[in-house]
Amino acid sequence: MITIIDYKAGNLTSVGLAFESIGQEVKITDKPEEILRAEKIVFPGVGAAMAAMDNLKELQLIEPIRKVIADGVPFLGICIGMQVLFESSEEDGGTECLGILPGKVKKFRPSDKMCKIPQIGWNTVKVKKPHPIFEGIEDESEFYFVHSFYPSCSDANNILGQTDYADAVFASAAGKNNLASVQFHPERSGRIGLRLLENFCNWNGN
Amino acid sequence: MLTKRIIPCLDVRNRKVTKGVKFQNNIDLGDPIEMAVAYSDGGCDELVFYDITASAEGRPIDIEMVREVAKAVHIPFAVGGGIKNLEDMRRVLLAGAEKVSVNTLAVRNPKIISEGAKQFGAQCIVLGMDPVKVEKSEKFPSGYEITTQGFRTRTGIDALQWAKEAEELGAGEIVVNSVDADGTQAGFEINLTKMISENVGIPVVASGGGGTYQHLIDVFKEGKADAAIIASMIHTGKFTIKQIKDELIAAGIPIRKKW
Chain A
1 MITIIDYKAG NLTSVGLAFE SIGQEVKITD KPEEILRAEK IVFPGVGAAM
51 AAMDNLKELQ LIEPIRKVIA DGVPFLGICI GMQVLFESSE EDGGTECLGI
101 LPGKVKKFRP SDKMCKIPQI GWNTVKVKKP HPIFEGIEDE SEFYFVHSFY
151 PSCSDANNIL GQTDYADAVF ASAAGKNNLA SVQFHPERSG RIGLRLLENF
201 CNWNGN
Chain B
1 MLTKRIIPCL DVRNRKVTKG VKFQNNIDLG DPIEMAVAYS DGGCDELVFY
51 DITASAEGRP IDIEMVREVA KAVHIPFAVG GGIKNLEDMR RVLLAGAEKV
101 SVNTLAVRNP KIISEGAKQF GAQCIVLGMD PVKVEKSEKF PSGYEITTQG
151 FRTRTGIDAL QWAKEAEELG AGEIVVNSVD ADGTQAGFEI NLTKMISENV
201 GIPVVASGGG GTYQHLIDVF KEGKADAAII ASMIHTGKFT IKQIKDELIA
251 AGIPIRKKW
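Taken in sequence, the protein lines are chains A and B.
Under my numbering, think of the first position of the first sequence as 1, with each following residue one higher.
Under my numbering, think of the first position of the second sequence as 1, with each following residue one higher.
What the hints contain is simulated information worked out from the structure, not anything from laboratory work.
There could be a bad hint or two in this list.
[Unchecked claim] Listed below are the simulated BS3-like cross-link pairs for lysine-lysine, each with C-alpha atoms no more than 27 Å apart in a straight line: (1) LYS57/A <-> LYS107/A; (2) LYS126/A <-> LYS242/B; (3) LYS126/A <-> LYS257/B; (4) LYS118/B <-> LYS57/A.
With the hints as extra help, turn the sequences into a complete structure.
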């Protein structure tokens with residue numbers, strides 16, 4: 001059973017459908033007690049960092065999220081769900097985030113005006129550290145991205161994969177221990193994305 | 001490196017994919033779900049569905065079809081045609097579409113772009129525009145006028161002005177569908193695409209006229225498009241997406257290679 005955290009940060013339909021298509025049962029919830037009981041957690045989200053943090057506070061989900069991560073439950077952050085794991089984001093004039101991963105979320109500042117923001121489309125992920133979520137996925141495979149801000153890890157040990165866009169080579173996948181997170185959208189990344197989600201389902205968090 | 005996207009366009013009428021020339025003489029081509037799966041498995045990067053008669057018939061978009069597509073393919077897809085308000089946008093997005101495309105609605109009520117972007121995120125809101133070539137004038141400095149309702153209505157709005165306004169309002173992407181080139185397979189309107197792409201900071205998708213490898217190479221290299229919509233050239237079975245991608249890669253264009 002995959003528990004998907006619903007904190008009103010965008011549309012969870014495609015994430016749910018992707019897990020169902022690989023034979024997983026899915027529970028979408030905003031209830032702290034259900035998150036605390038979960039076996040595997042997906043923390044998705046699109047939209048703005050500040051709205052995401054405000055919703056997490058309002059729904060009283062911050063402590064449960066910290067607890068399950070500390071307790072070793074396999075945890076996958078996606079897009080905004082990845083970004084808010086860092087210390088802060090430049091979005092919305094500066095937003096304090098969860099600080100579970102060391103580093104900051106920065107805005108792309110391309111010097112070339114033909115480099116469009118948001119980054120929309122398929123870009124390659126160079127694996128920096130072998131990880132169970134990349135099992136069976138060829139290095140430098142392409143995944144689907146949609147974002148204007150990117151995570152910058154201050155601990156290089158947490159970088160699992162890197163992607164090059166605009167003025168940045170950024171951590172498109174990061175994690176430590178039982179926590180994995182990706183800036184791209186595996187649920188929109190075709191067969192290779194589904195493989196990553198399947199790998200997450202088979203991962204015990206070690 | 002970010003790759004250039006190849007996006008098959010499925011015009012849907014009564015649950016059948018259809019294709020015409022300059023929005024006329026449509027013929028039915030097949031089932032939208034089956035075609036979506038075939039193109040996704042074949043390596044397309046995204047899909048776009050237009051419910052082409054919803055608007056004219058004044059009925060809501062076919063949400064059941066959107067749901068079936070979302071179950072069947074796990075790549076991004078946009079849905080347009082017949083979106084009348086924020087509630088329609090919400091239904092399409094909740095059914096599993098990645099993006100919703102507005103065209104006529106945005107011309108009538110530009111605020112729908114900013115309201116949609118605020119509610120659902122700018123990345124969800126695509127502005128579709130159907131410009132037609134006109135004499136350059138004070139009223140039309142770009143030399144292109146926006147039309148709506150499948151070329152039936154002229155709006156008196158300059159294409160470039162409208163693209164800039166849509167960006168300011170918060171659109172995440174602009175699809176530039178040349179009315180003059182639509183369905184002709186005679187090549188994209190490179191100058192139009194280039195002019196829009198160079199003057200907005202958001203991605204621009206070229207649409208209308210793609211018929212050969214060279215047309216696509218040109219629209220990416222000369223036209224500065226971030227993505228290209230194709231229809232006739234693949235719907236007829238003349239080319240596969242794999243063949244198209246191989247040719248673009250050979251021409252040095254960054255293209256997604258593994259799927």
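Each hint, compared with the structure:
1. LYS57/A <-> LYS107/A: The given pair, whose Cα atoms are some 24 Å apart, holds under the 27 Å limit.
2. LYS126/A <-> LYS242/B: 23 Å, holds
3. LYS126/A <-> LYS257/B: Between LYS126/A and LYS257/B the Cα gap is close to 14 Å, so the pair holds against 27 Å.
4. LYS118/B <-> LYS57/A: 20 Å, holds
The earlier numbered hints are all upheld by this structure, with none contradicted.
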